[in-house]
Amino acid sequence: MISGKLKILEHALLSMGRRKQKNFAIIAVYTLTVATLASILFLTQSLRTEARNVLLDAPDLVVQRLAAGRHDLIPNHYAEKIGQLPGVGNVTPRIWGYYYDSLKKVNFTLMGIGPKERDLQLFSGELPKTAKQCALGNGIAKAYGVELGDSLVLVDSQNRTLLYEITGLFDHQSNLLTNDLILLTEPELRRFFNLPADRATDLAVQVYNQREIATLAKKIKYELPDTRPVGKTEILHTYDTVFNWRSGIMLTVFVSALIAFCILAWDKATGISAEEKREIGILKAIGWDTTDVLMLKFWEGLAVSLSSFLLGSSIAYLHIYFYGASVLTPVIQGWSVLFPEFQLTPAIDLYQIFVLAILTIVPYIACTVIPSWKSAITDPDSVMRS
Amino acid sequence: MILNPGILALLFGSTIAFVMLLYAAGLGVKILSRWDPQSSSEEQLLLERKTYLVSTIVNFAFGFEILSGLLFIYTVEDIHRLFIGAMCATGALNANQIGWLALLIKIILFFAAALWVHFNRLDQRAEDTPLVRPKYLGLLLLTPLVGLDLFLQYSYFTGLQPEIITSCCGSLFSLGNDSVASELAGLPAKPTMLAFFLIAGSCLIIQTLCLASKKAIFRYLLFVNALALFFISMASIVSFISLYIYQMPTHHCPFDMLQQNYAFVGYPIYIGLFTGTLFGLIPGLSQPLKKIASLKREIDKYERRWLLLSFFGIVIFLLIVAWPILFGPFILLGY
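Quick mapping for you: the protein sequence lines, in order, are chains A and B.
Quick note: the first sequence uses our numbering, first residue 1, plus one each step.
Quick note: the second sequence uses our numbering, first residue 1, plus one each step.
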């Protein structure tokens, strides 16, 4: 029984080989459709995984202060108050801000580091120790063409031009985090932005028991009503939702392309040539059943689908992981101006492949069912007589 | 509503399947009303040809329904991250209770669709296709079920509210609504275990009897037993099988075992159980059809294969389930 099915498959492949042009057209368009949808799925999946990995090391809770509904600097004594709540570990005031560089027309992130900063990974050189030193992310070093030991020129909030010696550089592997980052010492950063000494940008709070994060957030909000505690899990949820939403919107847009492709497939499947009709007529005359012809058509459809599916997803793989998703990044990535040029880690699982298969193969098979049946019920005598 | 690619694929595919089934059901009504196997008119010939179209469409649609059941579980598992307190698919289903109903309909659809495809094949093998009328009546009953499935999925996914940061307050808005419960409560382990192994054992014995004798009563017994085994197994998976697999006395989730962390052990378990149950039901259901001579021949030819499939399905299921209970380090009922 199985060998009989394989014979039909063999026949299907041979007869497809005889109609190269028609099948080539279908496979080309099909491949393109699959590649587009697959690129979207692969890219968002990788970004989601990347975001998740990055946030693993994020503080459990970030506390910001709100003034008139806007983000404001938070007084340092809030940190002591929060630190006294049971279950809270370290509370670290963080100083950071954005800096617009008019020469390169990009935004940098400036961050102050305290004296007790721990050892950093993916970092070469030394962290800044004096007011005249700084450490850079790979993207900024590239933008200015500077190296370790060179100097960097920044204009502070008083419009004074300052020269910093570059003592440390981040490796490009950490680009997603550090691409646009400049590290200065904390006192220097306060002076640079003209920040008051008793305030910080926000507080990073360590929570010992992950299950208590929500409760602690509630307590902090109760004790300090003008703050906004943001949990790590909420940031994760938000990233997940945002990436889901973006890829969902893009997929919805491309569904119209999918429908156009289905119409093409329907059209191609309906318009069978006289020669093809005769072939089916002869097959039926020599004893093939309608079920056999349907099986033949099914194998044909499956061969077309699987080859396009494999080709399309391979193209998408190359596009995303070897050519940096050049076509899609502007839409999916968003936010900053200085884009990190990062190599995405392939994070494709069976689920993505499965979703892709259902999105592409199901409509194709669906719109070839009726045309296949129409050709399968061909009367042998009427065909051969014409 | 969450715009997730998996959700889009599910709704898109289900809509296609439902529309095709509607078309097939329309043809089915025509076939039902005008079917006359004695006639050799042109219309009858056309109707006979249309039965091929209906079979193909239904095979396709039901094939998709089976796949979509898997995709549904996968998707629900994937979106659990969006809900506070949800740790796996159970949490995501609890976030909107309609999800459980959708899952239930999917399981019913799986059996109904598989039985329809099965009897359709049997019928097409017989020269006089005696089952045309019951088959198409069945199709008319199944089509609304697929529609219901689509509707439930849609209302489940649109009813989900993911927890995201709002502009004024990060944490507190997720505290406003209660976080979803992540666990299912199971039946007490010891009596469930007893019932499970008793039913499973009797199932294997009846299968052996069916293989040895041609008596109808054994087939009916097997039907009842397979049905009972299915429900008891489902309860047992939640009650104690999952505990042994995860080696944790509190983890009752029936979906986590489908994940990589547990070496995908859920697949052989569920495939074994579903195959075993399905092919356990078929001999009993086919028994009344033996009155028709052309079908009796076909049934006698294939019955042995169904019984063996059922037998091995349940054996595989039992082996995987019993292994951690007998040889695993986890002890649930020790003292």
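Bear in mind the hints are in silico, worked out from the structure with no lab data behind them.
Please note that a few of the clues may not be correct.
Stated by the list, open to error - If you anchor each label on the Cβ, the simulated ranges turn out as follows:
(1) A:L56 with B:G159: 43 to 53 Å
(2) A:I259 with B:R125: 35 to 45 Å
(3) B:R125 with A:Q21: 17 to 27 Å
(4) A:R19 with B:P144: 55 to 65 Å
(5) B:G159 with A:S314: 51 to 61 Å
(6) A:I259 with B:P144: 32 to 42 Å
(7) A:L56 with B:F330: 24 to 34 Å
(8) A:Q206 with B:L332: 48 to 58 Å
(9) A:L55 with B:L332: 54 to 64 Å
(10) B:P144 with A:G89: 52 to 62 Å
(11) B:L209 with A:R52: 20 to 30 Å
Stated by the list, open to error - Part of the chain B face toward chain A, derived, beta carbon under 7 Å:
(12) R49
(13) I66
(14) G69
(15) I73
(16) Y74
These numbers were taken from a predicted model, which means no experiment stands behind them.
Beta carbons are placed, not taken as given, at the ideal position from N, Cα and C, and that holds for glycine.
(Q) For each hint given before, does the structure comply? Return the numbers of the non-compliant ones in rising order. (A) 1, 3, 4, 5, 6, 8, 9, 11, 13, 14 and 15
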